[in-house]
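Q: Each chain, written out:
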Amino acid sequence: MKSNLPVDILDDRKDFVCCKSGKGDGKVKCDSDSVAGSVSQRACVYCGARVVLNPITDAVHIVHGPIGCASYTWDIRGSLSSGPETYRNSFSTDLREQDVIFGGEKKLAGAIDEIIVKYSPKVVFVYSTCIVGVIGDDIEAVCKSAEKKHSIRVIPIQSTGFAGNKSQGYKAACNALLRLMGESIQPKVTGINFLGDFNLAGEIWIVEEYLKKCGINIITKITGDSRVEEIMKAPSAELNVVQCAGSMTYLAKEMDKRFGIPFVKVSFYGLEDTKTSIMQIAKAVGDKQVLEKAVELIMDEEYKASLMLEQYRQRLKGKRAAIYVGGGFKAISLIKQFADLGMKTVMVGTQTGKAEEYEIIRSIADEGAVILDDSNPAELEGFIKQKGADILVGGVKERPLAYKLGIAFCDHNHERKHPLCGFEGAVNFAKEVDMSINSPIWKFVKDENKCL
Amino acid sequence: MKNRNFVNLNINPCKMCMPIGAVTAFKGIENSMFLLHGSQGCSTYIRRHMASHYNEPIDIASSSLNEKGTVFGGESNLKKGLKNVLKQYTPDVVAVATTCLAETIGEDIQRLTQEFIVEEGLENVKIIPISTPGYGGTEFEGYYAALTQIVKEVAVEKSESNGLINIIAASLSPGDIRNIKDILTAFGIGYVLLPDISDTLDAPYTDEYRRIPSGGTKLRDIEKMTGAVATIEMGMTVPSHISPGQYLLEKFNVPFHKCAVPIGIENTDKFIRLLSSISQKPIPQSLKSERGRLLDGMIDSHKYNSEGRAVLYGDPELVYAASKLCMENGIKPVLIATGTQSNVLRELLKGPEDDYSEEPNIIDDTDFETIQRYAKEFNANIIIGNSDGKVITEKEGIPLVRFGFPIHDRVGGQRLVYTGYTGTQKFLDDITNTLLEEKYTKYRKSMYKKYFNPSEDKKALQEEFCNKLEIARKTMTHPCYSKGACKNARMHIPVAPACNISCNYCNRKFDCVNESRPGVTSEVLTPEEAAKKFVEVKSKINNLKVLGIAGPGDALANFKNTKKSIELIKEIDPDVTFCLSTNGLMLPFHAEELISLGVTHITITINAIDPEIGAKIYKEVNFMGMKLEGVDAAALLIKNQLKGLRYLSSRGVVCKVNIVMIKGINDTHIEEVVKEVKKCGAFISNIMPLIPAKGSAFENLPLTNNKELNELRKKCEIDLKQMYHCKQCRADAIGMLSEDISQEFSQAKCGGGCSEKTKTKDEKAYTFAVATRTGVAIDQHFGHAEEFYIFKYSNSEIKFVEKRLVSKYCTGEEHCDDEDSKIDRIVKAVNGCNAVLVLRIGYRPSKILQDKGIVVVQTCGRVEDAIKTAVKDLETVKELAQAVD
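As they're listed, the protein sequences go chains A and B. Sequential numbering from 0 applies to the first sequence in numbering that gives the first Met the number 0. Sequential numbering from 0 applies to the second sequence in numbering that gives the first Met the number 0.
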C-alpha cells in the first residue's frame with residue numbers, strides 16, 4: 000500500500016531527484032540555487048561561513064547586520080573547547096532602521112573598537128549579512144583600518160546571505176582562514192592538519208588520540224577546538240587531511256597551491272571509513288613503525304567495537320533507513336554504516352552535496368534508493384512513506400517530521416551531545432539507531448487507531 | 000542604569016527578529032502557510048528555532064532570493080514561490096512577509112501579491128502581505144503587527160452584533176492557549192480567540208500526517224470580530240499602532256479592554272472579572288475553588304519565596320506578568336529586562352498601585368551580557384525566562400526557571416501551563432522549588448562554615464591529622480623516600496658551605512662538573528641567589544617537588560643561611576617539600592625551629608652508634624667552640640644524632656638515616672645502627688657505598704660492590720625500610736634522581752682541582768673507563784653500560800677516580816630511546832680516557848672509539864688485573880709507535 004503512494008514533486012525540482020535502478024544512469028542535479036517556495040532545508044551563505052569558523056575558540060565573531068542573524072546562530076554548534084570560550088558568545092552590531100538608511104560602517108568600527116578594548120581577542124571575524132550587501136557598507140575597509148589601529152587581525156567575511164548558498168559560505172570561511180594563515184611559506188614540521196572536524200561532543204579529541212597512538216601529530220585542527228595561533232601554523236604541515244569535504248576541499252586545494260601541502264580525503268564516521276582513514280593517513284606520512292602502530296590500534300579498537308556492534312546488528316537487521324544530511328561525505332559514510340548494521344538505505348539526500356559525491360552515493364546506495372538534492376519536507380514525507388523507512392537521519396528541522404510520521408530518528412547534526420566518529424562513535428551510532436528504532440513506544444503508535 | 004554594557008554591540012541577544020513573531024501569529028490561523036520574501040537562510044533559521052521549541056515540523060517557505068533577484072527585483076522569485084507553496088500545501092491563507100533584504104531593496108509586496116491573485120485568478124486563497132523588516136523590531140512587534148494585519152485584511156466589514164468576545168492572546172505556549180480556552184468554556188462564553196496555536200503548534204499524533212496541522216483560528220471567525228461585544232487584549236505593553244484591539248475599536252467601535260496575561264493572582268483576577276462583567280455571567284465555582292487553592296498554596300510557600308531575588312527577561316508582555324507574580328509573592332525582582340524597546344514596562348511596574356517596598360530595576364533594549372552582569376551585581380538567586388538565559392546559569396551558577404520562547408534545551412516548552420489560577424500555582428511551585436533546591440543543596444555546608452567552631456582539643460586533633468596527611472602526601476611524592484616518585488624532580492641548593500665535623504671519607508675541596516657525589520658543588524649560593532635560582536629552575540622543570548639543602552657542608556652548621564633560604568623559597572612556593580640533610584650534631588638545638596619552618600623530611604647521616612667505631616670515621620667534631628677528637632667526639636655526635644632523631648620522629652617529621660658502608664670499619668656494625676635508629680623512629684635507612692674520594696683519608700680504602708651492598712640492605716630490611724635507588728648526588732643536584740641537570744643552571748664549569756686536571760705529568764699515567772656493575776669485575780657489554788668506573792693508573796698504582804653515569808650525557812629526551820644516540824652518549828661518557836675495558840663491544844662503537852684514539856680492551860675478570868694487563872699492552876703500543884717514528 001504505502002509503497003504505491005505517489006510522491007508529488009514540483010516541476011522545477013524533478014531534476015534534483017532520482018531513483019537508483021539497475022539500468023538507468025540518471026544523474027542528480029545539484030549545486031544550484033534553491034527553488035523558491037519549495038521550503039528548502041538549506042540555510043544561507045552567512046550560515047555556511049559561520050558554522051565553519053565558529054569553533055575557533057579564541058576568536059570574536061561579530062555579525063554585522065540586524066539581530067536575527069546573530070540571535071539564531073548563538074552557540075548552536077555543539078563544538079567543544081579545551082580552553083577559551085569566547086566563541087560561545089554572539090556579537091552583533093544589531094543594525095536598526097537608521098543604520099540601514101545612513102549606513103552601518105561607523106557602528107561597525109565602533110563595535111570593533113569596543114570589543115578589542117574589553118575582550119582583547121586574538122582575531123576578530125566580521126561577517127557581512129544580506130542588508131550589508133545591499134546598503135553597501137565597505138566592511139573590507141573598516142576591517143583594514145581597525146587592523147591598523149589595533150594591530151590585531153580583523154578579517155572580513157563576505158557572507159552576504161543571498162549571494163549564493165551555504166557552499167559559498169564555506170568558501171568565504173576558507174578564504175578567511177587563508178587570510179589568517181598569511182602568505183609566507185613556513186618551515187615544515189612533522190605532522191598533519193585535520194580539516195573539517197568541528198569537535199562536536201569532542202570528536203576531534205577522539206581522532207587526535209587515535210593518530211597520537213600511531214605516532215602522528217596534528218599541527219592544526221580546522222576548526223574544531225582550534226585557536227588562532229594554531230591556525231596560523233597550518234602552512235607548516237606536511238599533509239592536509241580533509242574530512243568535511245563539502246566545506247574544506249576548497250581550502251585544501253588552495254593550501255596545496257600556496258604552500259605545497261598535498262591532501263587526502265577521509266571520514267571518521269563508521270568502522271569501515273575510520274579504518275581506511277587511519278591507514279590512509281599513516282601511509283601518507285608515516286614510516287613502517289607508524290603503520291605497525293596503526294594496524295595494532297585498528298585491531299584493538301575494531302575488536303572492542305565489533306563485540307558491541309554485533310548485538311545491535313541482530314536487532315537492526317533488515318530495517319530501512321532514510322538519510323537527509325548537510326554534506327555528501329557524511330551521507331556516504333552513513334550508507335556504509337547502515338550496510339554494516341545489516342540495514343538498507345532507501346533514501347539519501349543532502350543539502351549541499353557535490354556531483355562527484357552523488358556519483359559515489361549512486362554507486363554504493365542500495366538498489367531502488369531515492370537520491371535527492373536540496374530536498375524539502377513534502378518530498379521527504381513522500382519518500383519516507385513510499386519507501387517505508389524505519390528511521391530518518393537528519394538535523395533538528397527534520398526530527399519533528401520523522402516523529403510525526405511515526406518513525407525513528409537519529410540526530411546527525413551539530414547540536415548532538417555524543418560523538419559519532421571513530422570506533423566508539425560507530426558504536427554510539429548503532430546504539431542510537433537501536434534505541435530509537437526498537438523503542439517500546441512505536442507499539443502504541445502503530446496501534447493508535449485501535450486503542451480507543 | 001545603563002541598558003547595555005556596550006554601545007555599538009549587542010552581545011548575546013535577548014531578542015529575535017520581527018519575522019519569527021509574525022510566523023508564530025500566523026501559525027495560529029487555520030490552514031495557513033507562511034512565505035518569507037528574502038534569502039533562504041531566514042526561513043531555515045526560524046524553522047530550526049521554532050522546531051526545537053515546539054517539537055513540531057515547522058514549514059516556512061522562502062522566495063530564496065539570490066543575487067539576481069536582489070539586483071533586478073524579487074518579483075519572479077516571489078510569484079514562483081507562491082505558486083509552489085499553493086501546489087505543495089493547498090492552504091487557505093498565505094502570509095507573505097518581508098525580511099531585512101526585501102525591505103531594503105524596496106519590494107512592494109502589497110502590489111506583487113495583488114498582481115499574483117489576479118494573474119492566477121485565485122478565489123479561495125487569501126494572501127496577506129505583511130511588512131516585517133528584521134531590523135524594524137523584535138519578535139514581540141512582529142507578533143502583534145501580524146495579528147493587526149490579519150484583522151485588517153480579514154475583518155473588513157462590520158458584521159452583526161454576535162455577542163462574542165474577542166480574545167487577543169499574547170505569545171503564549173500552546174498549553175496556555177488551551178488553558179485560556181478551558182477558562183472561557185467554563186464560563187460558557189462565546190469567543191473568537193486570535194491566534195489559536197493550541198493545536199497547530201502542539202498537534203496530537205495521528206495516523207495520517209498533515210503538512211498543515213489542523214486547528215487555528217478560522218477566517219470566518221476573524222470576520223466576526225467586528226461584531227463582538229468587546230475585545231480583551233493581553234497587551235499591556237503593546238503600542239497602539241500594532242494593537243488589533245485598538246484597530247477594532249477605532250474602525251468598528253468594538254469596546255476595547257487591555258489586560259495582562261493572566262499569570263499571578265492579581266492579573267488572573269482582573270481577567271476573570273473582565274470576562275464575568277462583559278459576559279454578565281457569574282464566575283464559575285470551579286474557578287473560585289482554583290483561586291482558593293492558589294491562595295492556600297501562596298500562604299504555604301510565602302516564606303520560602305520571600306528569599307527570592309529574581310532576574311526576569313524576555314517578551315515585555317510575559318515579563319510584565321511574571322514580574323507581577325513575583326512581586327505579589329514577596330519574590331524581589333532585582334532586575335526586569337527585555338530586549339525589546341519598551342518604555343511602558345517601566346511605567347507599568349512603577350505605578351502607584353504597587354505597594355511593594357523596593358522599586359525594581361528595569362531595563363529594555365538590552366542583551367544577555369548586560370543582564371548577566373546585573374544578575375551577579377544584584378545577588379540574584381533565581382532567573383526566570385527562556386532557555387537563552389542558561390548562559391547566566393552556566394557562568395554564574397544561578398538556577399533558571401524556563402518560561403517563554405525558546406525553550407530548546409528541555410522538552411515540554413510547548414505544553415507549559417502558567418496561566419490562570421492553576422497555571423499560576425504551577426509556575427509559583429516551579430519557582431519556589433527551584434529556590435528550595437538551591438537552599439537545600441547549600442545550607443548544610445554554608446551553616447557549618449559560618450557557625451561551627453570546633454573546640455580547641457578537636458581543633459588540635461584535626462590539625463594534627465591534617466598535618467600527618469600532608470606529610471604522607473609529601474613522602475609519596477619525594478623521589479628519595481618513595482621509589483614510585485622517581486618522575487619527580489628535586490633541587491639541592493648549595494647554601495651551606497661550612498661543616499662542623501670532619502669525616503675521613505669526605506673531601507669537599509674540588510669540583511668537577513662531571514663528578515657526582517655528596518659534598519660536591521660547582522658553586523655556593525647565598526639564600527637570595529638560591530631563591531632566584533629556585534624560581535628559574537621551577538619555571539623550567541614542571542615536576543619539581545622537593546627543595547633540599549645538602550651542604551656541601553652541613554645544613555645546620557650554616558643554620559642562618561638554611562633558615563633564610565627556606566623562608567624565601569616558602570614564600571615563592573608554599574607547596575614544595577622542604578628537606579635537608581645533616582650530620583645531626585646541632586639537631587637538638589634546631590629541631591623545633593626546623594619543624595616550624597615547615598621542613599618535613601630530614602636525613603641524618605649516622606655511620607655508627609658505637610663511639611669506638613665512630614672514632615675511626617670522624618676525625619674531629621667542632622661543638623660550640625669546642626674541638627673534640629677521638630672517642631669523645633664520636634660519643635657526643637652520636638648522642639646528639641639519636642636525640643635529634645627521636646625528637647623529630649615524635650613530632651611527625653619523616654627521617655631518613657644515611658649510613659656510609661666502609662669496608663673493614665663499620666660494615667659489620669651497620670645492622671646494629673639500623674636497629675637503633677629504627678627504635679628512635681627513623682622512617683627509612685639508606686646504606687651507601689663509600690666513594691673513596693681523592694684527597695680524603697679513606698681514598699685508598701677498598702670499594703664495596705653492589706652485591707655486598709644489597710645483601711646488607713636486605714638483611715637490614717627486616718628491621719627497617721631500605722632505600723635501593725640512591726644516586727649519592729651532589730650538593731647542587733637538580734632534576735630527577737636518574738638525571739642530574741644541575742649544570743644547565745650553573746655558571747661554573749669544570750674548574751681547577753678536578754680529578755682530570757690533576758694529572759701528573761708522569762709519562763706512564765693512563766685513565767681507564769671500566770664497564771662494571773660492581774666496581775670489582777668487568778661484567779658489562781659496552782652498549783649496555785649505564786655507568787663507567789674511571790680508574791687511573793700512575794706510578795704503578797691503580798686508583799678509583801669517579802663514577803660516570805651515561806644518562807648524564809643524554810643529548811635530549813626525544814633521542815633517548817634511540818640506539819645510535821645511546822652509543823654516542825656512552826662515547827661521550829668515556830671521553831678523555833686512554834682505554835675502555837669492556838666485556839664485549841660492537842664493531843661500530845669500537846671503530847668510533849678507535850678513531851678517537853681510545854684503545855678498546857675486551858676482557859673479563861677482576862678490574863685491577865685487567866688494568867695491569869692493559870697498561871702493559873699500551874706500553875707496548877707506545878714503544879712500537881716510537882720505534883716506527
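Derived by calculation from the structure, the hints in this document are not laboratory data. One thing to keep in mind: the hints can contain errors.
[Claimed, not checked] One-sided excerpt, in silico: chain A residues whose CB lies under 7 Å from chain B:
{"id": "1", "residue": "Arg41"}
{"id": "2", "residue": "Cys43"}
{"id": "3", "residue": "Pro65"}
{"id": "4", "residue": "Gly67"}
{"id": "5", "residue": "Phe90"}
{"id": "6", "residue": "Arg95"}
{"id": "7", "residue": "Glu96"}
{"id": "8", "residue": "Ile100"}
{"id": "9", "residue": "Gly109"}
{"id": "10", "residue": "Lys396"}
{"id": "11", "residue": "Leu404"}
{"id": "12", "residue": "Ser438"}
{"id": "13", "residue": "Trp441"}
{"id": "14", "residue": "Lys442"}
[Unchecked claim] Only pairs whose alpha carbons sit at most 27 Å apart, straight line, appear in this in silico DSSO-like list of lysine-lysine:
{"id": "15", "chain 1": "A", "residue 1": "Lys105", "chain 2": "B", "residue 2": "Lys389"}
{"id": "16", "chain 1": "A", "residue 1": "Lys416", "chain 2": "B", "residue 2": "Lys389"}
{"id": "17", "chain 1": "B", "residue 1": "Lys662", "chain 2": "A", "residue 2": "Lys211"}
{"id": "18", "chain 1": "A", "residue 1": "Lys28", "chain 2": "B", "residue 2": "Lys78"}
{"id": "19", "chain 1": "B", "residue 1": "Lys79", "chain 2": "A", "residue 2": "Lys28"}
None of these values were measured; they are calculated from a predicted model. Note that CB positions come from ideal geometry on N, CA and C, so glycine has one too.
Q: State for each hint whether it applies.
A: Tested hints:
A cut of 7 Å between beta carbons decides the hint on A/Arg41: the least distance to chain B is about 5 Å, and the hint holds. With a cut of 7 Å, the hint placing A/Cys43 at the interface with chain B holds, because the nearest CB-to-CB distance is about 3 Å. Because the smallest distance between the Cβ of A/Pro65 and any Cβ of chain B comes to about 4 Å, under 7 Å, the interface hint for this residue holds. The beta carbon of A/Gly67 is positioned within 7 Å of a beta carbon in chain B (closest approach about 3 Å), and the interface hint is therefore held.
Because the closest C-beta pair between A/Phe90 and chain B is about 5 Å apart, less than 7 Å, the hint holds. A cut of 7 Å between beta carbons decides the hint on A/Arg95: the least distance to chain B is about 5 Å, and the hint holds. A distance limit of 7 Å between C-beta atoms decides the matter here; for A/Glu96 the minimum to chain B is near 6 Å, and the interface restraint holds. Among the interface hints, the one on A/Ile100 is violated; its C-beta lies about 10 Å from the nearest C-beta in chain B, farther than the 7 Å criterion.
Restraint check, A/Gly109 versus chain B: the minimum CB separation of about 4 Å is within 7 Å; hint holds. This hint holds: A/Lys396 has a C-beta 5 Å from the nearest C-beta of chain B, less than the 7 Å allowed. With 7 Å as the threshold, the beta carbon of A/Leu404 comes within range of chain B, its nearest partner Cβ sitting at about 5 Å, so the hint holds. Checking A/Ser438 against chain B: minimum C-beta separation of about 14 Å lies over 7 Å; hint violated.
At a threshold of 7 Å, the smallest CB-CB gap from A/Trp441 to chain B is about 11 Å, leaving the interface hint violated. Taken as an interface hint, A/Lys442 does not check out: its beta carbon lies about 13 Å from the nearest beta carbon of chain B, beyond 7 Å. Simply put, A/Lys105 and B/Lys389 have alpha-carbon atoms about 32 Å apart, too far for the 27 Å limit, and the pair is violated. In summary, the hint linking A/Lys416 to B/Lys389 is supported, as the alpha carbons are separated by about 16 Å, within the 27 Å threshold.
As the CA atoms of B/Lys662 and A/Lys211 are separated by approximately 52 Å, the hinted pair breaks the 27 Å bound. Of the supplied pair hints, the one linking A/Lys28 and B/Lys78 holds, its CA atoms being roughly 23 Å apart against a limit of 27 Å. For a cut-off of 27 Å, the pair hint linking B/Lys79 to A/Lys28 stands: about 20 Å separates their Cα positions.
Checked against the numbered hints above, the structure violates hints 8, 12, 13, 14, 15 and 17; every other hint is satisfied.
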